[in-house]
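Dock chain B against the given chain A, drawing on the hints supplied.
From first to last, the protein sequence lines stand for chains A and B.
Going by numbering that gives the first Met the number 0, the letters in the first sequence line up with residues 0 to 253, in that order.
Going by numbering that gives the first Met the number 0, the letters in the second sequence line up with residues 0 to 251, in that order.
Don't take each hint at face value.
Unchecked claim - Cβ-to-Cβ under 10 Å is the rule here; a few derived chain B residues that face chain A:
| hint | residue |
| --- | --- |
| 1 | G11 |
| 2 | D43 |
| 3 | T44 |
| 4 | F97 |
| 5 | P148 |
| 6 | G167 |
| 7 | G218 |
| 8 | G237 |
As the list claims (entries may be wrong) - Every beta carbon over 12 Å from chain A, so not counted as near; a handful from chain B, in silico:
| hint | residue |
| --- | --- |
| 9 | R10 |
| 10 | T12 |
| 11 | P49 |
| 12 | S113 |
| 13 | D117 |
| 14 | K119 |
| 15 | R125 |
| 16 | E178 |
| 17 | R220 |
| 18 | R224 |
| 19 | T227 |
| 20 | I243 |
Note that these hints are calculated values from the structure, not bench results.
Beta carbons: idealized from backbone N, C-alpha and C, even for Gly.
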Amino acid sequence: MRTTSKIAAVALGTTTLMPFLGAGIAQAADGSTMATLRPVALNGVQASGTAMVTVTGNRIDVTMAASGLLPDNPHAAHIHFAAAARHECPTASDDKSGDGTLNTTEGGPAYGDIVVSLTKTGDTSPKSGLAVDRFDTAPGGKIQYERGSINVSSDVAQAIVDGKSVVVVHGVDHNNDGKYDGNTKSDLDPSLPTEATDPAICGVLAAAPAGGMDTGAGGTSTTNNEGMLALGGGLLLAAAGTGVFTARKARNRA
Amino acid sequence: MAKRSMFGDRRGTLAAAVTALLLLVGGALVVKVLAAPGAPPQPDTSQAQPTALPPAPGPGPAAGGSSKADPTSAGPTSARPTGSTPKGTSPAARANDFGPLLGPSDPVALRIPSIGVDTKGLVSLRLDRTGKLQAPTDFDRAGWYVGGPTPGEFGPAIIGAHVDSKAGPAVFFELGSLEKGAKVMVARKDGSTATFMVDRVARYSKADFPTRTVYGDTGGRAELRLITCGGAFDRATGHYVDNIVAFAHLVG
Numbered sequence: 000m001r002t003t004s005k006i007a008a009v010a011l012g013t014t015t016l017m018p019f020l021g022a023g024i025a026q027a028a029d030g031s032t033m034a035t036l037r038p039v040a041l042n043g044v045q046a047s048g049t050a051m052v053t054v055t056g057n058r059i060d061v062t063m064a065a066s067g068l069l070p071d072n073p074h075a076a077h078i079h080f081a082a083a084a085r086h087e088c089p090t091a092s093d094d095k096s097g098d099g100t101l102n103t104t105e106g107g108p109a110y111g112d113i114v115v116s117l118t119k120t121g122d123t124s125p126k127s128g129l130a131v132d133r134f135d136t137a138p139g140g141k142i143q144y145e146r147g148s149i150n151v152s153s154d155v156a157q158a159i160v161d162g163k164s165v166v167v168v169h170g171v172d173h174n175n176d177g178k179y180d181g182n183t184k185s186d187l188d189p190s191l192p193t194e195a196t197d198p199a200i201c202g203v204l205a206a207a208p209a210g211g212m213d214t215g216a217g218g219t220s221t222t223n224n225e226g227m228l229a230l231g232g233g234l235l236l237a238a239a240g241t242g243v244f245t246a247r248k249a250r251n252r253a
Numbered sequence: 000m001a002k003r004s005m006f007g008d009r010r011g012t013l014a015a016a017v018t019a020l021l022l023l024v025g026g027a028l029v030v031k032v033l034a035a036p037g038a039p040p041q042p043d044t045s046q047a048q049p050t051a052l053p054p055a056p057g058p059g060p061a062a063g064g065s066s067k068a069d070p071t072s073a074g075p076t077s078a079r080p081t082g083s084t085p086k087g088t089s090p091a092a093r094a095n096d097f098g099p100l101l102g103p104s105d106p107v108a109l110r111i112p113s114i115g116v117d118t119k120g121l122v123s124l125r126l127d128r129t130g131k132l133q134a135p136t137d138f139d140r141a142g143w144y145v146g147g148p149t150p151g152e153f154g155p156a157i158i159g160a161h162v163d164s165k166a167g168p169a170v171f172f173e174l175g176s177l178e179k180g181a182k183v184m185v186a187r188k189d190g191s192t193a194t195f196m197v198d199r200v201a202r203y204s205k206a207d208f209p210t211r212t213v214y215g216d217t218g219g220r221a222e223l224r225l226i227t228c229g230g231a232f233d234r235a236t237g238h239y240v241d242n243i244v245a246f247a248h249l250v251g
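Just chain A, with the same shape it has in the complex:
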């Protein structure tokens, strides 16, 4: 009995300490990052968005907003990273197939693999990368997404803080018929058309500015003026002194 309670006490103590320990160890990986999401080259989506990822140890909190996407269809959204990737959004030269559009695989050399799936519910691992039933469906073409406390590996946390990860929102209606279709199958899942998984908007998560700005040299500050006024006054006072001396000298000689 006593042993169990002791164990319980120790366990309790450990769990209470855990957050602090975790915070201490992971200090290096803390930071706020933001991405401006812009249309992926060649895919012609007139959409835009913004994403903010705050890293606290191995935990990330994500907010994302986007507009101009194909309405009422699931838009898979991920954080991508690979050590070997270029840590940027793909460009037209990444179209290896030469078909005039970029699919997710073609974007790989630019942004790497899926490391976090930005699902609305449930699992957020790469395994949920195409869990189309759990991604935002962009009513009105708009997404407003918020999800906290997503666990990531230390490597991924570090990559995000270092500005090496990329947010990609997928789903492109190439033929503008209001739905994902077409004969080309997805390079990720042959049961889906490529329209459902092609990258639509993309942005690199980069460190947000921290702290204020130094935007003044003090030329008009009151403290500066007070100093000058004191100096000027002092000089005038000294002038009075030397003036009296001069006058006295002159009178003596007269």
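Structure of chain B alone, referenced to chain A:
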């Protein structure tokens, strides 16, 4: 002899010369200070809170640098009724009030008629090694943060400029007198103009700067931040101790 008696000996002449010099320099300094434009205006506390309801970013931090750390609660995201649940249920009902948006295009000029700002040739601003946003090296230019959105895009576009140089007023000397409701026009490289309306103007201590409120997510709106210096000038560091920040949102 009479000439000699006027100024006595050489000591007298010297004293007269010194007197004249002191009068000249001392007088010039006093005149310069009195003729100077005075200290830059500071925002009134009444300007620190937004008036309009829709863009209300919650209980904004008080002016004068008394803000507490980095209140996420001041951000629009957590001002939602559902703010207590950090779940990823993006409420569809909220998904329609983003307001106007523009595509990406670099800013080339800035105009704020109400405080007489009209400046062309914005320079690029970047972060220094500590993550701090660097000010323009040119006191006569405003700069914009190239790592963030361009003015008119989603998120907080950032334009900063000096309040003064060592010699006198600079581009954002009057920013502290900017008022809620004022219009800010940003001309962009693509020929379009992004027009913003000022929501509030606040002063924050640099030592306790609300990084997230100023640079963080805007909850899906195109917004603008105008930043300059304010408060007292610390002669030891050569910097002002506060920042003045104007918050604005895109209206067209």
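Hints, verified against the model:
no.	hint	in the structure
1	G11	holds, 4 Å
2	D43	violated, 18 Å
3	T44	violated, 19 Å
4	F97	holds, 6 Å
5	P148	holds, 4 Å
6	G167	holds, 5 Å
7	G218	holds, 7 Å
8	G237	holds, 7 Å
9	R10	violated, 7 Å
10	T12	violated, 9 Å
11	P49	holds, 20 Å
12	S113	holds, 20 Å
13	D117	holds, 18 Å
14	K119	holds, 19 Å
15	R125	violated, 10 Å
16	E178	holds, 20 Å
17	R220	violated, 8 Å
18	R224	violated, 10 Å
19	T227	violated, 5 Å
20	I243	violated, 9 Å
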